[in-house]
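Going down the list, the protein sequences come from chains A, B and C. Residues in the first sequence are numbered consecutively from 1, following the numbering used here. Residues in the second sequence are numbered consecutively from 1, following the numbering used here. Residues in the third sequence are numbered consecutively from 1, following the numbering used here.
Calculated directly from the structure, the hints in this document are not laboratory data. C-beta atoms are modelled at their ideal positions from N, C-alpha and C, and glycine is treated no differently. Each hint should be verified, as a subset may be incorrect.
Heads up, simulated EDC-like pairs for lysine to aspartate or glutamate below, C-alpha to C-alpha not over 16 Å straight-line [to be verified]:
{"no.": "1", "chain 1": "B", "residue 1": "Lys164", "chain 2": "C", "residue 2": "Glu202"}
{"no.": "2", "chain 1": "B", "residue 1": "Lys177", "chain 2": "B", "residue 2": "Asp187"}
{"no.": "3", "chain 1": "A", "residue 1": "Lys479", "chain 2": "A", "residue 2": "Asp387"}
{"no.": "4", "chain 1": "A", "residue 1": "Lys407", "chain 2": "C", "residue 2": "Glu202"}
{"no.": "5", "chain 1": "A", "residue 1": "Lys414", "chain 2": "A", "residue 2": "Asp442"}
{"no.": "6", "chain 1": "A", "residue 1": "Lys142", "chain 2": "A", "residue 2": "Asp162"}
{"no.": "7", "chain 1": "A", "residue 1": "Lys407", "chain 2": "C", "residue 2": "Glu201"}
{"no.": "8", "chain 1": "A", "residue 1": "Lys407", "chain 2": "C", "residue 2": "Asp158"}
{"no.": "9", "chain 1": "A", "residue 1": "Lys243", "chain 2": "A", "residue 2": "Glu173"}
{"no.": "10", "chain 1": "B", "residue 1": "Lys164", "chain 2": "C", "residue 2": "Glu201"}
{"no.": "11", "chain 1": "A", "residue 1": "Lys347", "chain 2": "C", "residue 2": "Asp158"}
{"no.": "12", "chain 1": "A", "residue 1": "Lys319", "chain 2": "A", "residue 2": "Glu219"}
{"no.": "13", "chain 1": "A", "residue 1": "Lys235", "chain 2": "A", "residue 2": "Glu258"}
{"no.": "14", "chain 1": "B", "residue 1": "Lys164", "chain 2": "C", "residue 2": "Asp164"}
{"no.": "15", "chain 1": "A", "residue 1": "Lys407", "chain 2": "A", "residue 2": "Glu525"}
{"no.": "16", "chain 1": "A", "residue 1": "Lys269", "chain 2": "A", "residue 2": "Glu258"}
{"no.": "17", "chain 1": "C", "residue 1": "Lys35", "chain 2": "C", "residue 2": "Asp74"}
{"no.": "18", "chain 1": "A", "residue 1": "Lys393", "chain 2": "A", "residue 2": "Asp433"}
{"no.": "19", "chain 1": "A", "residue 1": "Lys392", "chain 2": "A", "residue 2": "Asp442"}
{"no.": "20", "chain 1": "C", "residue 1": "Lys138", "chain 2": "C", "residue 2": "Glu176"}
{"no.": "21", "chain 1": "C", "residue 1": "Lys114", "chain 2": "C", "residue 2": "Asp74"}
{"no.": "22", "chain 1": "B", "residue 1": "Lys171", "chain 2": "C", "residue 2": "Glu206"}
Facing chain C, a subset of chain A residues (Cβ under 7 Å, in silico) [claimed, not checked]:
{"no.": "23", "residue": "Thr349"}
{"no.": "24", "residue": "Glu353"}
{"no.": "25", "residue": "Gly357"}
Residues per chain, in single letters:
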Amino acid sequence: MGRIGVFICWCGENIARAFDMDELTEAVAEIPGVRCAIDYKYMCSEPGQALIREKIRSEKLEAIVVASCSPHMHLKTFRAAAQAAGLNPYLVEMANIREQCSWVHEPYEDETVAKAVSIIRMTVQKVLRNRALEPIHVPLTKRALVVGGGVAGIQASLDLADSGYEVVLVEREPSIGGKMAGLSETFPTLDCSQCILTPRMVEVGQHPNIRLYTYSEVESVEGFVGNFTITIRQKARYVDIAKCTGCLECWNRCPSREAPSEFDYGLTKRKAIYVPFPQAVPARPIIDLNSCAKFLRNECGTCLKVCEAKAINFDDQDKVVTEQVGAIVVATGYRMYDIGREQENAKYTGYGEYGYGQYKDVIDSLQFERLLSASGPTGGEVKRPSDGAVPKKVVFIACVGSRDNAKGIPYCSKICCMYTAKHTMLYKHKVHDGQAYVFYMDIRAGGKGYEEFVRRAIEKDGARYYRGRVSKITEENGKLIVRGADTLTGAPVAVEADLVVLAAAMRPAIGVLELAQKIKLGYDEFGFLSESHPKLRPVETNTAGVYICGACHAPKDIPEAVAQASAAAGKVQVLFSKGELTREPEVASVNEQACAACFACVRTCPYLAIDKAEIRDRQGNLLKMTARVNPSLCMGCGTCVAVCPSKSVDLEGFSEEQIYEMVNGLI
Amino acid sequence: MPRLGVQAFSAIERQSWITMDHEESMGSAFAATSVENCYQCGKCTAGCPASDEMDFMPNQILRLVQTDDVDRAMRSRAIWLCVSCLTCTTRCPQSVDCAGVMDVLREMAAEQKTVPADVQRVLVFQRAFLDNIRRHGRTNEVELIMQFKTLGFLKDRNIRLLMKDALLAPKLMQRGKFHLRGESVRDRAVVRRIFDRCMPNAGKARMAAADEGSGSEEAV
Amino acid sequence: MMEFGYYPGCALHGSSNDYEQSVQACLKPLGVGLKELDDWLCCGATAAHTLNHMLAVSLPARNLALAERDGFADVFAPCPMCSMELIKVNRALDGNPELRKRVSEIVELPVEGKTQILNLIQVFQKIGVDQIRAAVKKPLSHVKAACYYGCLLTRPPDTLQFDDPEHPRSMETVLEALGASTVAWNYATECCGAGLTMAREELVCELSHRILTNAAAHGANCLVVACPMCHTNLDMKQADIDRRYGVHHDMVVYYLSDLVGMALGVDETELGVNKHFVVRQAGQPLESGATQTAEMQ
């Protein structure tokens, strides 16, 4: 080959301010193998691309180098341009003389120019040895897995199911609905939470395209984008759902009431056989063996007696099933920060000074939602846990855990300012002669209608906002003495409250790290799952075919979770819109004749993309073993090339010869 | 007003060197990153047992330092009403050592003689205490109390200070708690040398306390 | 026979000598020996950290150097002001060779900062709460104590790493081993006014008054402390507080070592309990000691 076209971009003045562009172009034209060297102000623009296409045709170029910015920016653009002119896109290379030269060195210095020329020469050396390649085609299973059945998971599942794809929805709890099912009313509309959610839940339960696994967890994930094999463990309910008619007589008659209710966040006790809440989907009970007298002591057995459908089965076992999917949407949601002193991770410390867990009338915000909720333990009346009295003074404390470096959480949980304002309003609507106090540091109310909502709480519903944190809460004679401050007047403030509600920080759900490791997803120091790009790719991840949405990504409210869920579904739809997947062909391949079958590459490949293969003759006799790269999995990292002692594996587009010649080109 | 170079210290094992270099201290920051971390949440104020009488709340003192208004902070009554209970430092969500900042301000205020009149008594006591230690190595309570009362009386001419607790003496004596002559260390010279290395003008502290404004005490 | 280095501090050799008497009398039957640091000096207390930061580091450092010179691995400092300052300097010296060098020069002795400093409660923990329980001769069933920790037994928590600064339980654990019961109350770690007894009497009275009031409100018949400053403010000043607020607190304030000693069968006079200002009726009534109601037998 020897007809290389080099296109040098000015990149406006990003590159041009560091070089005399004429001088650079002349120097580049001298490089052996270069047929023509052209410079232009904005190579990626339409005229720039037209220039490339024109030159490819008129100069009959065999390959091109675009000397400009990072390939992360525009490699795709220039490959498309070349392809439009009839040149194989893999005969296009980029020489980065911006990020790696003009942006980081002194302009107009001899060394700067020399470096730019070196980079270009090196790239020419490489592209001289490029081969025309075709993308690899991979079959695609057009089914999706959604992990998590909260509002985000529900939205994503419905979007995908409604567009005709089969969805496997896996939810860890016995019912879908997530945290939203337990809320009373939602901001800023004060819509009844269950009223807007349960129709969606029912839709999910009845949708022909959704296969719902509740009380189940993802056990393992194998494969790659378009071709995932998911193993799901359905935990034993001890109730046969196929036989159960949902009459719930067992739940009604169970005499045991010892275990703290998960749905009411410990405010009440629940039965041993139970449905988490009456609107559950599926509305079928489960048995908690740890509080079941029949299981523990072989007593009782009431549920067995009353079940007409004979659906109770104490011999039930977990079931393990596999599903094939092409994409995964993770929507595992959140949990509250532990305010008490017990923490599972020494990084976090609780708030001993607030007496949570010690004083019954110090509760957290989700518990308060249950008190407000019509289906809650107090039937929607605000009554405090200790004595059932209606509290006349309620103190709400913001930022408990959040924005508190000393306790381990520096971030803001985003929703607490809004739901605290909501709580004051709902409290006032129910207790007309009550007074709400809020201790806050800032008010974060950036959404649509949010600021007006908070002002309404203060101006119409009379909530008293004190700007300052609370130092300590003690209990005297049935009252909670809250010692806070108002930095705006510059004075400490003490309130004798009947009830205190703590707005605890949002943290990712328990078990998310284990799930992330199974799916090979990145996460940050707090366990929030990592998106590809915070601005431009908020629902994609760096793992192909896996998308995230909702609070598992970062603290957020319901509108955002729903929007992200639809966005994630949209990404899956883009993926599924093609007949098959195409992958970049710059993958490794093994020279099976030369391979010594030491399998060092098999062991070192980070993507588990290399298998051991047998070469047999026609009679079936084993001739030799060899390593074999799966082009569907290979990411082209080159680790195998580096470790192979017999130099039997090479990387397309980055061959050993190419690298050698590039180094030669440099020196 | 000279600006100060301080690297954070105090109760939480960081280091504080107060450099009172009048010439060199331009551009140096108070308490390094520590005071900048304060986001004025007011938790220190909320938990302070002595805040009732303070002219500036603890968070406001921090704010004054943050906004380079160290002078006003130094002239406040608040820093002398602080009881060093360390509640603020313990509960601060940003791990700002508020009690340590109070210490630094007190040291500066004492050096620069910016202590308000109605809290001077606290300074008089602390100075008398250090004087007492410098002399004996351990506190001689009777001598200390006499010195404190005398100097305090000289300051604000309040007879009650002299008379107060006079009845306490016989009660202490009855209980064997009254030591007319207290203990001293054997090696008193080393104590003096330690003091001199840390406080070159310690011996003059007594005179300085009674002698406001006159004499030019050199900065440490 | 356990032996600790002993750093009494100025208060225990001054008007809080009843605390020293108490400590010595209760540790003897437990087989613990105390060896006083030779020629120790004042730790600097509040005055040093208020007026001069180098002195606040150097005075405790000199005492640490003495402990190291005399080869003590553990030093018992009954006054939490002293123990806190000593531990603070230990931490400051840790990992800071430059400071160690500078301080060693100032105090004229090499100082590493490796000595373990123990407060009174930690001494009992080292002896072993079970051992103490086994040695009890007169269970203190009549005692309903409000354990008062004050400021410096638990703060600053990063430095001391001793007990929970919000809900400490170490003193309660010792007392329960003596057969006493303890109350849950709200002023366990609230400041009593500390060393400002002379200079800001009205503040000390206010803060101590709140403590005494809350202890009684939660059903305590005595306060238990492990700090000579707290004891002075709550005991010696109780008559002044009563006068100021028109009340009769009638609250006996024991040192923890008093109660340990009493449970082990040591006579109260040996423990110096009769030297308190507020004593209970059965004890020898001293002139200005308020008398306790017959509730305590």
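Cross-check of the supplied hints:
This hinted pair checks out: Lys164(B) and Glu202(C) have alpha carbons roughly 12 Å apart, not beyond 16 Å. The straight-line distance between the Cα atoms of Lys177(B) and Asp187(B) is roughly 25 Å, outside the 16 Å bound, and the hint therefore fails. A hinted pair counts as satisfied when its Cα atoms are at most 16 Å apart, and Lys479(A) with Asp387(A) qualifies at roughly 12 Å. For the hint pairing Lys407(A) with Glu202(C), the CA-to-CA distance comes to about 36 Å; that exceeds 16 Å, so the pair is violated.
This hinted pair checks out: Lys414(A) and Asp442(A) have alpha carbons roughly 11 Å apart, not beyond 16 Å. Taking the CA atoms of Lys142(A) and Asp162(A), the gap is near 14 Å; set against the 16 Å cutoff, the hint holds. Our distance criterion of 16 Å between C-alpha atoms is broken by Lys407(A) and Glu201(C), whose separation comes to about 36 Å. Distance restraint check for Lys407(A) and Asp158(C): the Cα-Cα separation of roughly 13 Å lies within the 16 Å cut-off, and the hinted pair is therefore satisfied.
Restraint check for Lys243(A) and Glu173(A): the C-alpha separation of about 20 Å exceeds 16 Å, so the hint is violated. For a cut-off of 16 Å, the pair hint linking Lys164(B) to Glu201(C) stands: about 10 Å separates their Cα positions. Taking the CA atoms of Lys347(A) and Asp158(C), the gap is about 14 Å. The hint holds against a cut of 16 Å. For the proposed pair Lys319(A) and Glu219(A), the alpha carbon gap of about 11 Å is at most 16 Å, so the pair holds.
Restraint check: the Cα-Cα separation between Lys235(A) and Glu258(A) comes to about 22 Å, which exceeds 16 Å; the hinted pair is violated. Pair hint Lys164(B) plus Asp164(C) does not hold up; C-alpha atoms about 39 Å apart against a cutoff of 16 Å. The hinted pair formed by Lys407(A) and Glu525(A) meets the criterion: a straight-line CA distance of about 14 Å does not exceed 16 Å. Distance check on the hinted pair: Lys269(A) and Glu258(A) sit about 6 Å apart at the alpha-carbon level, within 16 Å; holds.
Distance restraint check for Lys35(C) and Asp74(C): the Cα-Cα separation of roughly 11 Å lies within the 16 Å cut-off, and the hinted pair is therefore satisfied. Between Lys393(A) and Asp433(A), the direct Cα distance comes to roughly 9 Å. Compliance with the 16 Å bound is thereby established for this hinted pair. For the suggested pair Lys392(A) and Asp442(A), the alpha carbons sit about 25 Å apart, so the restraint of at most 16 Å is broken. The hinted pair formed by Lys138(C) and Glu176(C) meets the criterion: a straight-line CA distance of about 13 Å does not exceed 16 Å.
Of the supplied pair hints, the one linking Lys114(C) and Asp74(C) holds, its CA atoms being roughly 9 Å apart against a limit of 16 Å. Simply put, Lys171(B) and Glu206(C) have alpha-carbon atoms about 23 Å apart, too far for the 16 Å limit, and the pair is violated. Taking 7 Å as the C-beta contact cut-off toward chain C, the hint placing Thr349(A) at the interface is violated, the least distance being around 10 Å. Checking Glu353(A) against chain C by beta carbon gives a least distance of about 5 Å; that is within 7 Å, so the hint holds.
Proximity of Gly357(A) to chain C is violated relative to the hint, the smallest CB-CB distance being about 10 Å (cut-off 7 Å).
The structure is inconsistent with the numbered hints 2, 4, 7, 9, 13, 14, 19, 22, 23, 25, although it conforms to all the rest.
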